[in-house]
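J.: Starting from the given sequences, assemble the full structure and let the hints guide the process.
There are 2 protein chains.
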Amino acid sequence: MATGRTHRPATRSRGIPEATVARLPLYLRALTALSERSVPTVSSEELAAAAGVNSAKLRKDFSYLGSYGTRGVGYDVEYLVYQISRELGLTQDWPVVIVGIGNLGAALANYGGFASRGFRVAALIDADPAMAGKPVAGIPVQHTDDLEKIIQDNGVSIGVIATPAGAAQQVCDRLVAAGVTSILNFAPTVLNVPEGVDVRKVDLSIELQILAFHEQRKAGEEAAADGALPGAAAAAAARKAAADQGPDGDVPAVMPA
Amino acid sequence: MATGRTHRPATRSRGIPEATVARLPLYLRALTALSERSVPTVSSEELAAAAGVNSAKLRKDFSYLGSYGTRGVGYDVEYLVYQISRELGLTQDWPVVIVGIGNLGAALANYGGFASRGFRVAALIDADPAMAGKPVAGIPVQHTDDLEKIIQDNGVSIGVIATPAGAAQQVCDRLVAAGVTSILNFAPTVLNVPEGVDVRKVDLSIELQILAFHEQRKAGEEAAADGALPGAAAAAAARKAAADQGPDGDVPAVMPA
DNA sequence: AAATGTGAAATTATTCACAGCT
DNA sequence: AGCTGTGAATAATTTCACATTT
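Chains H and P, in that order, are what the protein sequence lines are. Here my numbering is used: position 236 in the first sequence is 236, and no number is missing along the way. Here my numbering is used: position 119 in the second sequence is 1119, and no number is missing along the way.
Keep in mind that the hints were calculated from the coordinates and are not lab data. Check the hints yourself; a few may be wrong.
Said to hold, decoys possible - Here are the simulated BS3-like cross-link-like pairs (lysine-lysine), alpha carbons at most 25 Å apart as the crow flies:
#	chain 1	residue 1	chain 2	residue 2
1	P	K1134	P	K1149
2	P	K1060	H	K201
3	H	K218	P	K1149
4	P	K1060	H	K149
5	H	K201	P	K1149
6	H	K60	P	K1201
7	H	K57	P	K1134
8	H	K149	H	K134
9	P	K1134	H	K201
10	H	K201	P	K1218
11	H	K218	P	K1218
T.: Here is the structure:
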């Protein structure tokens, strides 16, 4: 995509790598903390440490935005905050709707970090008529019937789906039809969207499963190394032993699913 | 890390790529759905569609686990469910503690997908003495003072942090000292952990910021293409125009932070 | 005929290491 | 003297395309 046609002046070429985009919010958060402590400048080394990445990566990331540092000195904190904010589109206001006001939806509505940085919860939507009118986080819940009108009246382009998995695709379709082009999906299901619509997903269960994979791996290595097991590791090793039912065992009746 | 020493038989070599591990839960979910519908076999094409990836990637991913398919036929659903579950370590029970029982912590405790697939909420922990003893999702909340004992008594190796950002590092340190080696962090802060401890983070604000970046990009392209704007896109374009304050503007007083 | 499994190519991301600026 | 910015080197990931197996 966007194959470099070898004729544009190298300056500020389009296309920041996706991996870099994903880290910009991290840098921004670290910078904001420095700004609040009135720190005027910061080196790539310091900022990288605060953001939990290595400094070469950080410098490379910033190089895609432009040359915002000063050699021998570092980066001006305020200036960088502004440049990254602008790059991320946070200098404008983003009205957001949350659909599905259960436990999670309510938690999201109450989440402070949501409101900061340009995002504004414009409306809460739920399918339960009993919820309608009830305020959550100070915002009255509206009924799904009015979804399209709410989207359009508020010029919403970002939707958050916090419904049960079964309702997610349907809600997604309606959001997209009404003009939403970015979706943050908390429902544990794959959403099908047309070209041009971005979906990002947050899935607790997936994150835990990834951790379990590494945890299992660690348990295996411990067993091999066979040192004294600190803390709760002994119990973990015991679990491991109990679960190991021979290599490549044949298919059992049914799995935990 | 774990540099291949070039002497092990290629069969089932160690080290599944991280990107593959991150997709296994996705495949597992799709397979579980098929299993519930009693679908006996599935092709890489079909399964890939259900999981939202392309089929070559899926086949490559599975090739790291072993040869579990049948050429000309596809994959046996039950068998694959089992193999992936085993690979992810889901054939064993993982007791988990959630620390910080605010809105989000409560939502997590109530989250059904949590309990499925081998994860069990062993305890809820909060720093507020007023919460102690109160049941959330049927589990009584315990006080932070007892954190170490709770971890050890339950053999917990996975901890979920849902505290405010300010408390997260301290909670993390105590969890790790007590024997936890995997942490799922919902607090918007970078956690420092010793070697051997895995941390995964979930950050709503970061996800929204990434969406905003792409959203902004789209608005720019629309303005360039200048077609009829469907739905709420017109309003979005207007926002864009309002926010564009010339290229490379100088530093403003303060940013939204 | 159909679909897997996989080398090889292409792409993307990270890290190194140092020239160049302040 | 210190620290950025970036080519070049390396590593990881994705995609292609097809030989191989059922």
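J.: Would you mind marking each hint as holding or not holding in the structure?
T.: Results for each hint:
1. P:K1134 x P:K1149: Within the cut-off at roughly 19 Å; holds.
2. P:K1060 x H:K201: OK: K1060 of chain P and K201 of chain H at ~23 Å, within 25 Å.
3. H:K218 x P:K1149: Since the Cα atoms of K218 of chain H and K1149 of chain P sit roughly 22 Å apart, the hinted pair holds (cutoff 25 Å).
4. P:K1060 x H:K149: violated, 45 Å
5. H:K201 x P:K1149: Measuring from Cα to Cα gives roughly 35 Å; hence the hint is violated.
6. H:K60 x P:K1201: Within the cut-off at roughly 23 Å; holds.
7. H:K57 x P:K1134: It is violated: about 46 Å lies between the C-alpha atoms, which goes past 25 Å.
8. H:K149 x H:K134: Holds - the C-alpha atoms of K134 of chain H and K149 of chain H are around 19 Å apart, at most 25 Å.
9. P:K1134 x H:K201: Since the Cα atoms of K1134 of chain P and K201 of chain H sit roughly 32 Å apart, the hinted pair is violated (cutoff 25 Å).
10. H:K201 x P:K1218: holds, 19 Å
11. H:K218 x P:K1218: This hinted pair is violated, its Cα atoms lying about 43 Å apart.
In terms of the numbered hints stated before, the structure departs from hints 4, 5, 7, 9 and 11, listed from lowest to highest.
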